[in-house]
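Protein chains in written order, with my numbering: chain P, 1 to 214; chain F, 1 to 214.
It is possible that part of the hints are untrue.
[As the list claims (entries may be wrong)] The list that follows gives simulated cross-link-like pairs (lysine-lysine, DSSO-like), each with its CA atoms no further than 30 Å apart: (1) LYS143/F - LYS103/F; (2) LYS199/P - LYS24/F; (3) LYS98/P - LYS87/P; (4) LYS73/F - LYS73/P; (5) LYS118/F - LYS73/F; (6) LYS89/F - LYS106/F; (7) LYS73/P - LYS68/F; (8) LYS214/F - LYS103/F; (9) LYS24/P - LYS199/F; (10) LYS24/P - LYS103/F; (11) LYS169/P - LYS68/P; (12) LYS169/F - LYS3/F; (13) LYS199/P - LYS118/F; (14) LYS73/P - LYS214/F; (15) LYS103/F - LYS3/P.
Note that these hints are calculated values from the structure, not bench results.
Protein chains: 2
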Amino acid sequence: MAKRVVDLSLEIYHQAPTFSPDPKCGILVYHTIESMGYNITQIIMSTHQGTHLDAPFHFFDKGRTVDKLDLNKCVGTALIIDLSQKKAKDEIGIEDLKPYENKIIKGAKILLRTDWDKIYPRDEYFSDQPVITVELSRWLAEKEIDLLGLETPSVHPQDYAPIHKTLLKKEIVIVEALAHLRELTQEEVFFAAVPLKIKGRDGSPVRAFAIEGK
Amino acid sequence: MAKRVVDLSLEIYHQAPTFSPDPKCGILVYHTIESMGYNITQIIMSTHQGTHLDAPFHFFDKGRTVDKLDLNKCVGTALIIDLSQKKAKDEIGIEDLKPYENKIIKGAKILLRTDWDKIYPRDEYFSDQPVITVELSRWLAEKEIDLLGLETPSVHPQDYAPIHKTLLKKEIVIVEALAHLRELTQEEVFFAAVPLKIKGRDGSPVRAFAIEGK
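Just chain P, same shape as in the assembly (with noise of 0.2 Å):
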């Protein structure tokens, strides 16, 4: 099989959802070819707008700013879990990971696959996604894995608190809101979610993608 790259994000446009507190999103037409020569866009939106990921300054005054992660955290060799049998609300906990537990090791990054984003953009994609339990959370960052993907928009929609601390503490790159993981035929791929080099702050949209293939 040749190389192909594969688009794991959602879109981003103009009153695209977000979270009911957080910065809401707008795509504006600032110059066009008409008035200036060129088409040029005002982007405004949150740092967690769509597919984002979130660094330890999202949960700590005093954690990793998104500018300063290790980008080699950030790409590599991904396991894609494959968790489409969860329905709305379903718990994702140890259990459920335990058959993958030979390759959840230090540095691993971990795609879990829902299919949840087919939900997107109806309301119940923020209330009612399945959900990671606490005890997972925990079990994940004792393996002190690099990075943790999801196709939900959050770990958890009321105990994201807990999750992201124990998460972040240990550094673990959360990304979340990504798509279209069923996509990918390989359970091993090549996996890039790079934030933008936003200074001091907690988190950036990303364009996660894949690689499959020799």
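With chain P's structure known, arrange chain F on it following the hints.
Showing chain F alone in chain P's frame:
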């Protein structure tokens, strides 16, 4: 040599400079740990802030928009051409790239090292950059390369329109305001500069990076 990821991007920060007619950059604290339990940020910026890429729609109303770019053009093996001897306002012409002509073929990704990022963020960064000649843009367009990457903020501060149009008509991805190419030790590297998936618009800030080693 072990693999290592090398960052090739400028920082994005509050009031980071742009070309004078373009939207300005605001990085605004939105919620804090004290007020809401987490830090989150509102970003206001141009699609051409800092290290960024241009899609055909930047100069052609009927051109391909940034969300529709083929990611295979944005990711893969790239050739770095060392032009670090070029000074302010020097021209970069066909004769400078001729020695590399056997590698400047259909689908090639070409990165021109000028070390001009050392001048950032002074005003001269925008006004006095080494420039691509119109003739070189035609030569590269005929070669049908995939991507042209530059350490300058644009292709040319005055002749930007004909050069952009020549390259974008052929759907060559233009990556501008790269940085740190001098940190690469290999002439060919794995390179990625993927746009945010901004629907229907002209360009995107990117976090460009390279991977060196085996």
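Consistency of the hints with the structure:
1. As the CA atoms of LYS143/F and LYS103/F are separated by approximately 10 Å, the hinted pair is consistent with the 30 Å bound.
2. Between LYS199/P and LYS24/F, the direct Cα distance comes to roughly 16 Å. Compliance with the 30 Å bound is thereby established for this hinted pair.
3. As the CA atoms of LYS98/P and LYS87/P are separated by approximately 19 Å, the hinted pair is consistent with the 30 Å bound.
4. Simply put, LYS73/F and LYS73/P have alpha-carbon atoms about 24 Å apart, close enough for the 30 Å limit, and the pair holds.
5. With a C-alpha separation of about 27 Å, the suggested pairing of LYS118/F with LYS73/F holds against the 30 Å cut-off.
6. Using a Cα cut-off of 30 Å, the hinted pair LYS89/F and LYS106/F holds, with the two alpha carbons roughly 29 Å apart.
7. Taken as a hint, the LYS73/P and LYS68/F pair is honoured in the structure, with Cα atoms around 27 Å apart against an allowance of 30 Å.
8. For the proposed pair LYS214/F and LYS103/F, the alpha carbon gap of about 21 Å is at most 30 Å, so the pair holds.
9. Our distance criterion of 30 Å between C-alpha atoms is met by LYS24/P and LYS199/F, whose separation comes to about 16 Å.
10. Restraint check for LYS24/P and LYS103/F: the C-alpha separation of about 45 Å exceeds 30 Å, so the hint is violated.
11. Taking the CA atoms of LYS169/P and LYS68/P, the gap is about 15 Å. The hint holds against a cut of 30 Å.
12. Proximity of LYS169/F to LYS3/F is assessed by CA-CA distance (about 36 Å); at most 30 Å being required, the pair is judged violated.
13. Taking the CA atoms of LYS199/P and LYS118/F, the gap is near 18 Å; set against the 30 Å cutoff, the hint holds.
14. With a CA separation close to 17 Å, the supplied pair LYS73/P and LYS214/F stays within the 30 Å bound.
15. Of the supplied pair hints, the one linking LYS103/F and LYS3/P holds, its CA atoms being roughly 20 Å apart against a limit of 30 Å.
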